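Student: Terminal number for the sequence shown in full-length UniProt numbering: 703, no gaps in between.
Hints were generated in silico from the structure; no laboratory data involved.
Remember, it's a predicted structure, so these values are computed and weren't measured experimentally.
Be aware that a few hints might be false.
[As the list claims (entries may be wrong)] Lysine-lysine pairs mimicking BS3-like chemistry, simulated, CA-CA at most 25 Å apart:
id: 1; residue 1: Lys-525; residue 2: Lys-389
id: 2; residue 1: Lys-413; residue 2: Lys-329
id: 3; residue 1: Lys-381; residue 2: Lys-435
id: 4; residue 1: Lys-581; residue 2: Lys-620
id: 5; residue 1: Lys-443; residue 2: Lys-505
id: 6; residue 1: Lys-575; residue 2: Lys-503
id: 7; residue 1: Lys-398; residue 2: Lys-329
id: 8; residue 1: Lys-631; residue 2: Lys-581
id: 9; residue 1: Lys-278; residue 2: Lys-251
id: 10; residue 1: Lys-298; residue 2: Lys-91
id: 11; residue 1: Lys-581; residue 2: Lys-503
id: 12; residue 1: Lys-298; residue 2: Lys-247
id: 13; residue 1: Lys-389; residue 2: Lys-374
id: 14; residue 1: Lys-525; residue 2: Lys-512
id: 15; residue 1: Lys-555; residue 2: Lys-581
[To be verified] Pair by pair, the computed Cβ-Cβ distance ranges are:
id: 16; residue 1: Ser-506; residue 2: Arg-376; range: 55 to 65 Å
id: 17; residue 1: Ser-591; residue 2: Asn-456; range: 49 to 59 Å
id: 18; residue 1: Leu-420; residue 2: Gln-388; range: 17 to 27 Å
id: 19; residue 1: Glu-302; residue 2: Lys-241; range: 16 to 26 Å
id: 20; residue 1: Glu-231; residue 2: Arg-370; range: 38 to 48 Å
id: 21; residue 1: Glu-436; residue 2: Ile-317; range: 47 to 57 Å
id: 22; residue 1: Asp-252; residue 2: Arg-376; range: 53 to 63 Å
id: 23; residue 1: Gly-165; residue 2: Lys-185; range: 16 to 26 Å
Here a beta-carbon is modelled for each residue, glycine too, at the ideal position from N, C-alpha and C.
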Amino acid sequence: MEQRGRQARSERTQCVAFMVVLVTVWSRVSAQVRYSVAEEVKEGTAVGNIAKDLGLDKTTLKERGYRIVYSSTEPPFQVNQGDGILYVNRKIDREEVCDRSKVCVIDLKTVLENPLEVHYVAVEILDVNDHAPSFPEREKMLDIFESALPGARFQLQAARDADSGSLSVQQYKLSHNEHFRLDVKDRVMEQRGEYKSWRERRCWFAFLVVLDVLWSGAVAQIRYSISEEVEDGTVVGNIAKDLGLDKSALKDRGYRIVSGSGEPLFQVNEIDGVLYVKRRIDREEVCERTSPCLIQLKTVLENPLEIHYVAVEILDINDHSPVFPEKEKRLEISESALAGARFQLQAARDPDVGQFSIQQYRLSHNEHFRVEVKDRGQDRKVPFLVLQKQLDREAAGKHRLRLTAVDGGKPVKSGSIDILVDVIDINDNSPVFTKELYSATLKENVPLGTVVIQVNATDLDQGANGEIIYSFGNEVDVKLMDPFSIDPNTGEIQVTGPIDFEKSKSYEIDIKASDKGQVPLASDKSVMITVIDVNDNAPEIEVTSFSSSIKEDAKIGTTVALISVSDLDSGINGKIICTIKEDVPFILSPSLQENMYAVVTKSQLDREEISQYDVTITAKDSGDPSFLTEKTISVVISDVNDNSPEFSISPYTFYISENNSPAAPVFSVKASDRDESDNALISYHICRDERGVANNRFNIDLL
Numbered sequence: 001m002e003q004r005g006r007q008a009r010s011e012r013t014q015c016v017a018f019m020v021v022l023v024t025v026w027s028r029v030s031a032q033v034r035y036s037v038a039e040e041v042k043e044g045t046a047v048g049n050i051a052k053d054l055g056l057d058k059t060t061l062k063e064r065g066y067r068i069v070y071s072s073t074e075p076p077f078q079v080n081q082g083d084g085i086l087y088v089n090r091k092i093d094r095e096e097v098c099d100r101s102k103v104c105v106i107d108l109k110t111v112l113e114n115p116l117e118v119h120y121v122a123v124e125i126l127d128v129n130d131h132a133p134s135f136p137e138r139e140k141m142l143d144i145f146e147s148a149l150p151g152a153r154f155q156l157q158a159a160r161d162a163d164s165g166s167l168s169v170q171q172y173k174l175s176h177n178e179h180f181r182l183d184v185k186d187r188v189m190e191q192r193g194e195y196k197s198w199r200e201r202r203c204w205f206a207f208l209v210v211l212d213v214l215w216s217g218a219v220a221q222i223r224y225s226i227s228e229e230v231e232d233g234t235v236v237g238n239i240a241k242d243l244g245l246d247k248s249a250l251k252d253r254g255y256r257i258v259s260g261s262g263e264p265l266f267q268v269n270e271i272d273g274v275l276y277v278k279r280r281i282d283r284e285e286v287c288e289r290t291s292p293c294l295i296q297l298k299t300v301l302e303n304p305l306e307i308h309y310v311a312v313e314i315l316d317i318n319d320h321s322p323v324f325p326e327k328e329k330r331l332e333i334s335e336s337a338l339a340g341a342r343f344q345l346q347a348a349r350d351p352d353v354g355q356f357s358i359q360q361y362r363l364s365h366n367e368h369f370r371v372e373v374k375d376r377g378q379d380r381k382v383p384f385l386v387l388q389k390q391l392d393r394e395a396a397g398k399h400r401l402r403l404t405a406v407d408g409g410k411p412v413k414s415g416s417i418d419i420l421v422d423v424i425d426i427n428d429n430s431p432v433f434t435k436e437l438y439s440a441t442l443k444e445n446v447p448l449g450t451v452v453i454q455v456n457a458t459d460l461d462q463g464a465n466g467e468i469i470y471s472f473g474n475e476v477d478v479k480l481m482d483p484f485s486i487d488p489n490t491g492e493i494q495v496t497g498p499i500d501f502e503k504s505k506s507y508e509i510d511i512k513a514s515d516k517g518q519v520p521l522a523s524d525k526s527v528m529i530t531v532i533d534v535n536d537n538a539p540e541i542e543v544t545s546f547s548s549s550i551k552e553d554a555k556i557g558t559t560v561a562l563i564s565v566s567d568l569d570s571g572i573n574g575k576i577i578c579t580i581k582e583d584v585p586f587i588l589s590p591s592l593q594e595n596m597y598a599v600v601t602k603s604q605l606d607r608e609e610i611s612q613y614d615v616t617i618t619a620k621d622s623g624d625p626s627f628l629t630e631k632t633i634s635v636v637i638s639d640v641n642d643n644s645p646e647f648s649i650s651p652y653t654f655y656i657s658e659n660n661s662p663a664a665p666v667f668s669v670k671a672s673d674r675d676e677s678d679n680a681l682i683s684y685h686i687c688r689d690e691r692g693v694a695n696n697r698f699n700i701d702l703l
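Based on the provided sequences and hints, a complete structural model is requested.
Tutor: Right, dumping it as structure tokens:
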């Protein structure tokens, strides 16, 4: 803000005391020096140093009575006899001095005496924007025939602005309406007299009625900006500080804002010179759609009179949503309309301007229409509905679309209108299925007569041409007609035969809808039926390799049998868990291939304890309820010679009489062996003594 204030003071200084030294030629006398100064500057403002610019000796000015010779009683300028500076003696109103002259020049004659010297000085009075445009009347009534054709013109009285050049009336604006526009014609008038020509007025043509004439802010000494809708009391800026005014004198000098009729939008604090918002500002109410929206303020200090101009730009905020004239729009479009046909829609309105005005239109998703926008400038975007795919009334007799206008705010605001499109019919109808794809799921083993799915087709033709018969397609496999049938009137597909998931997991059936016209029209559609598995199969166990016997000295982990398990069901119903009862020395070892197992030993075998095992393998699926299958295999333990013969008595003690005859029996011995077959056959012999000598007195007779 301080930077803006310094810039404003710089502009004010240039405006108030801008000096140009020119040597020029007047039409009557030759001005030796020419200056320029803005009207309405305060008294005492320096215009230029005449003594310096004319090369006069400042020390002799007072002595020689240096002065301005002026015809009126109170001249607008005076010269300081001490330093030769020309300054403003009283407030200068350019419009009062020069009326509407394009160039306003005051000729000054300065005199030095002893000896007599005359010098001519010209001061150009620069215009400031101190007048607002005004109309001769506050209201104008026009009578216009309704038969008047477009292009008819009606002249209205022009507004007047006492200022000239760029500060005079620059343009006219007409409030928004559907019937009238504004046309302005420049007319340059000439005035006889001292000055050549001046633009007097602009005549304009239009339907009336409140016109907002722009007031140029080029001469504003300082410019602020503030958003609309801010709270009362919001500070805009410190005028006193930014203009370099003495805050202590503001109240005594009656510092205030000079406003027209009505309650002013801004107020200035007489104590500190702060400009603040006095009441809520609606940019759209103040400036309609003008951009930028500038409010020109004229501030006044009295004793002496001082006028300063301040411009406040009202920044737009996104406080309005786009609005359509209607909530709903109905269109009738023939189904014979070709792609590319355009239908103009009413545009939405948004009082906001710039990026907060309507930026785009969006059409709800559909396959037949899109939206195109034509930009006509000045925040006017006109939407067109464009047909991109030919309509079919039989497929859709009505289309409901939503057109949304979106502004550029963050967050965005939007407004919508519903567009109802009625499709006008032509007779071109075949039966049309209501779905692009028919699919159903069916559990296996369902009862006969179960309804699988109902297909439905429509034909908007009347009478027999609109009556529909359903049937299987001509290419349907005869095998499909066994488990299914279709009702010709209702389109219901029913179960007429057994459904077995293990035989067929799905069925694809072609169906046909035909009307009853003399030349029937038909449509085809496929029905996909997916069979859902139920747990109706028990697991199966197959022994792929089996050794019926195994040696009792087999190592732990020796394979006895290879088995595979399977289940015709799928998913969880086909997931199998295999186990062996824990009371046998065997376990199941899974292989890398799913559902393949090996029966292996898990501990040492002993035929003499158990010579045969019945191994029961259990396969159970994970269905609910589950199915269980058991298979038993008999494993015979074959013998190995792992047992020694054992005598029934040890040691044997016996008595024998002497003098027995040879070959006479003395006693008998008996031994047994737990092994079997050859491993259990026993032979007897008499062992030698320690010296290796056999006892030949006895002999063992094998019985």
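Student: Against each hint, give a clear statement of whether it holds in the structure.
Tutor: To see whether the hints hold, each was checked on the structure:
Note on Lys-525 and Lys-389: the hinted pairing holds, with a Cα-Cα distance of about 23 Å set against a maximum of 25 Å. Pair hint Lys-413 plus Lys-329 holds up; C-alpha atoms about 21 Å apart against a cutoff of 25 Å. At roughly 39 Å between alpha-carbon atoms, Lys-381 and Lys-435 are farther apart than 25 Å, so this suggested pair is violated. The hinted pair formed by Lys-581 and Lys-620 meets the criterion: a straight-line CA distance of about 13 Å does not exceed 25 Å.
For the hint pairing Lys-443 with Lys-505, the CA-to-CA distance comes to about 10 Å; that is within 25 Å, so the pair holds. In summary, the hint linking Lys-575 to Lys-503 is supported, as the alpha carbons are separated by about 19 Å, within the 25 Å threshold. Simply put, Lys-398 and Lys-329 have alpha-carbon atoms about 13 Å apart, close enough for the 25 Å limit, and the pair holds. With a C-alpha separation of about 12 Å, the suggested pair Lys-631 and Lys-581 falls inside the 25 Å cut-off, and the hint holds.
For a cut-off of 25 Å, the pair hint linking Lys-278 to Lys-251 stands: about 18 Å separates their Cα positions. Annotation: proposed proximity of Lys-298 to Lys-91 holds, straight-line Cα distance about 16 Å (limit 25 Å). This hinted pair does not check out: Lys-581 and Lys-503 have alpha carbons roughly 34 Å apart, beyond 25 Å. Distance restraint check for Lys-298 and Lys-247: the Cα-Cα separation of roughly 18 Å lies within the 25 Å cut-off, and the hinted pair is therefore satisfied.
This hinted pair checks out: Lys-389 and Lys-374 have alpha carbons roughly 21 Å apart, not beyond 25 Å. Restraint check for Lys-525 and Lys-512: satisfied, since their Cα atoms lie roughly 6 Å apart, inside the 25 Å limit. This hinted pair checks out: Lys-555 and Lys-581 have alpha carbons roughly 20 Å apart, not beyond 25 Å. For Ser-506 paired with Arg-376, a C-beta distance near 59 Å keeps the hint of 55 to 65 Å intact.
One distance hint, 49 to 59 Å for the beta-carbon pair Ser-591 and Asn-456, holds here, with the actual separation near 53 Å. Taking 17 to 27 Å as the suggested C-beta distance range, the pair Leu-420 and Gln-388 conforms, at roughly 18 Å. At roughly 20 Å, the beta carbons of Glu-302 and Lys-241 sit within the given window of 16 to 26 Å. For Glu-231 and Arg-370, the Cβ-Cβ distance of about 45 Å falls inside the hinted range of 38 to 48 Å, so the restraint holds.
Restraint check, Glu-436 to Ile-317: a C-beta distance of roughly 49 Å satisfies the suggested window 47 to 57 Å. Under the hint 53 to 63 Å, the C-beta atoms of Asp-252 and Arg-376, about 56 Å apart, fit the expected range. Taken as a hint, the range 16 to 26 Å holds for the pair Gly-165 and Lys-185, whose Cβ atoms sit roughly 19 Å apart.
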